[in-house]
Amino acid sequence: MTARLIGLYARSRRGGWLCGVIVVAAVARWVVRTWVSGPSPFAMLLWLMLVTVAATVVAGGLAGPFGQVELSAGNRLPSLRIGQVVGTVVLAAAGFAVAVAIAGSPVVESIRDLAGFIGIALLTGRLVGAHRCWTVPIGYALVCAGEIDLGEQPAWAWPIQPAGDVWALVTAGVLLVAGVVVAARPVPDSYA
Amino acid sequence: MTRLLRIELRRNASVALLPVVALLWLVSPITRHLAPIALWTDRSADIQSSILALAPFTAGVGAWTAYRERRRGAVDLLATTPRNAAARCLTALAATVLWAVLGYVAGAVAMLAITSGQATWGHPVLLPLLDGLLAVVAAAALGFALGRLLPGRFTAPLVAIGLLGLLALGVQTTFDGSFLGALSPAYPSINLAVSVFYPIRTDLVILQIALAIGVLCAAIGVTVGHTGGRRVGVSVATAGVVLVGAAFGLLGTGHRDAQGAIVVPALDSVAVQQPLPFTPVCGGGAVSVCVHPAYAAKLSALDTAVNRLAAPLVGTPGLPVRVQEGPINRIRDVTVRGRPPVLVIPPVFIQQGDSLGFETTAVNDIIAISLVDAPGQPPAHAGATQRAVALFLVRQCGIDADPVLLPADPAVRAAADRLAALSPGARHAWFAAHIDDVRANTISLGELP
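Going down the list, the protein sequences come from chains A and B.
Numbering of the first sequence is given in the numbering used here, commencing with residue 1 and proceeding in unit increments.
Numbering of the second sequence is given in the numbering used here, commencing with residue 1 and proceeding in unit increments.
With the rest of the complex left out, here is chain B:
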């Protein structure tokens, strides 16, 4: 048996495809997000999401391997060998799984090694890593089972493409508000935006693991059943289907908590989580900018950006006394709260890339709108006058505004130009007298100086 496995390992199509997957991994956002903020939660989820590159190819190889005997016209020949057909099949599957596991583990070890030298917060979270590993194994088994059931030259590509499409569909439907798609192993099982503020909820990752095990059992059951072990195959496949059904059923009973994490009452007794204690790190600008210590490396960039944006408004009434990170992950939740006013922004804004992050334009636009918006109002609801002042604030920093986040028709642009044409003293005097009217949206575009 060991010799057979060695032969299968040597002849497996994964040998040719793993370098392709490694190349994809190297150019993926995962490896391009390696500086400067390194959170263990973030990196653990990144490792899990590496299945997007690995799982489709693994499933394709599984399907390709499964109908190899038929493709080579060796079905009758192999039927005469003394080895049990199920054992022969499962050895071929084991070789595919071993290569896939090797690929996943190699990527995970590399990522963990890099993170261990960079981490600014937290500790490795093992459940997402296990989830990704099981998803890759399940993908191989699923591809293999489909290759046995539906042998054909298009089985491998259609299985690979179909699986990647399903993974993407699951994530996309969850982004659009559906719940069941969250079981896609490509969907982050940890709520990243709040992971430094609250303990991690493991409900979703447990269900994703249950789904992966269920699919694995169902696929192995089908394979065994198809190769002669009908009774065992049916039992294992039934157990798998039950597990898959249970995962979907339990998810259906869940809801999102105040931080946006999925909570399944049967798996989690903590209805309301207590925030984790931390001491924020603050900058020394006119508007105080405070971040979670995990994001201290980005404080300087954020402090500079916020204070450049707010410079024309310093000394005017109602300006936020502080801009600070909070456990929110949606742009519509970015707003000024409380008294004295504090602008709360999500940490994801400054989590990635260089300087302020790849979302530099978004950060600037949203902060600029929030500085002149009514407290509690989502940035998307800003009026024309507020957008004109926000556009001026962004432009005076030498930055172009995003037309989606900060839509500006010709009238808004003209009003922003008029503000820019004023002398700093006259502009400050006007802001000091009228900024409350701008925030209340009681002043028209034409009344801007």
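Same shape as in the complex, but just chain A:
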């Protein structure tokens, strides 16, 4: 795989722009640190929206401008897609980890939420198209915030579980792995 191929692929996905948005979301996490650390449903919703921005960019960024043409042009597309997902996930994880650590919040919990939401966005993108990958994460974030409002903590609402909850950690990890696996397989998903 040549550097030229990787460079062209990154340009076709507007890699620089994607990375920029992820960094902005991480910086925004630091800016709003006062308002995302409370126990209220709106603090959770605000935090999950920042995570959803990164997840949407990771999953939505997989769509390319060439669609079917790209699929027939070579056999390296799965590797390039995995590389893109892994690269953006690592960038998002690093950015949010730094922002959260500086703000003095629990890093593991934040990375768990980020991983899970990226997984959900990737799976949604696979099911309904990359340009609609944001719909389920937003809906899920609203439902989780609603559970806080109701004073409940069901197991399926893993983002609102405490930092040390193993089940929540495993769920988020499984979602991320499942998302990356399905994202590796190319589909004629074009944003054009």
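To be clear, the hints were calculated from the coordinates, so they are not data collected in a lab.
The beta-carbon is built from N, C-alpha and C at its ideal position, and this holds for glycine as well.
Keep in mind that a hint or two might mislead.
Said to hold, decoys possible - Listed next, the stretches of chain A that the computed footprint assigns to chain B, with coverage defined by at least 3 CB atoms under 8 Å from CB atoms of chain B:
hint, segment
1, 24-35
2, 46-54
3, 57-66
4, 156-168
5, 171-177
Given chain A's structure and the hints, the job is docking chain B onto it.
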């Protein structure tokens, strides 16, 4: 034009997203708060807050629709059609708005119909409903304008996510003491905790409506200006920006009244509101529990809970003669007042869910602390001895205490265990002799029997 609108309605992305919003609405706290206390004020605010689910998707659809021509490579093709570009754009926006309005109205009608058969107090409050409706329309127009200005594949998701983030940020900053975030249409425009005790102040909802209209005008102005009608667009957008500025400016002159409602002097001449008359409904326990008639359905549960908590203290000096609801909405305001002593609790404690409500633990913890706390002292300031006795009171009801509301280190827990180990007679005798010292916090943890 009608035919064009019909086509836009049929092809709008809302058709696919409205079922998702309906599903969100069905699993939201709004529809899970439908029993047993139904206040019209509460339900009106619930309908307004349904925009949290609807507005982001509407804004996303608006943005998605706005750059559809560019996405499909049809800009040049459509430029050759005789129809005015602004009219074509506004028709697409109108279709998005109509679907959003349909979704909002359907939810509102369902909620009003359910409430009409359940309501225990008040009457429908129309301004919050109108506020929510305008906020949804403004969200569609804002999304559409941003989609025209910044066309791109991430515009729709970022607009939707950004809008929801802004709505949440507004509410959260207001909870944290800021004022300007109260203009977020997701922030309740009615002070729910006191709505049965005092007339409703409409200052905030008027400003929220002004903000929604301002955003709507600004967004339509930008859209029209971007599609060729520059002069009209600039005028409408300027009017919108002025309205938004006026809303923020007026809110900046406001303050909170004694009940916590936002008062803007330019909109409200009533500086001090007179309480609404009502006859409380009281239970028959050893400690009398009285609630506002709107909450009569919860009297039995509250009466049982309070009297179970207070049972070991009955007959001891200083025990509140009555526990009653009052127009307060903060835990730190829950305390014993007056002579003879009366414990005042906020109605929100028993407003939601089954039995005592989802905050059962909080209700029990706060009431237990207040029963052994000094009159006028916030529950959070309770000393170690007071917390130990409160922990005993909660545990003897078979309930686990919340470690945040009723923090208990090992020494406090051990003292509570010692109290529990005493015989009822010995415990009552000790309380009768020393409960005043406990309330005054002049007795140490080690002196508890």
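Hints that the structure is at odds with (numbers, increasing): Checked against the structure, the hints that fail are numbers 4, 5, while the rest are satisfied.
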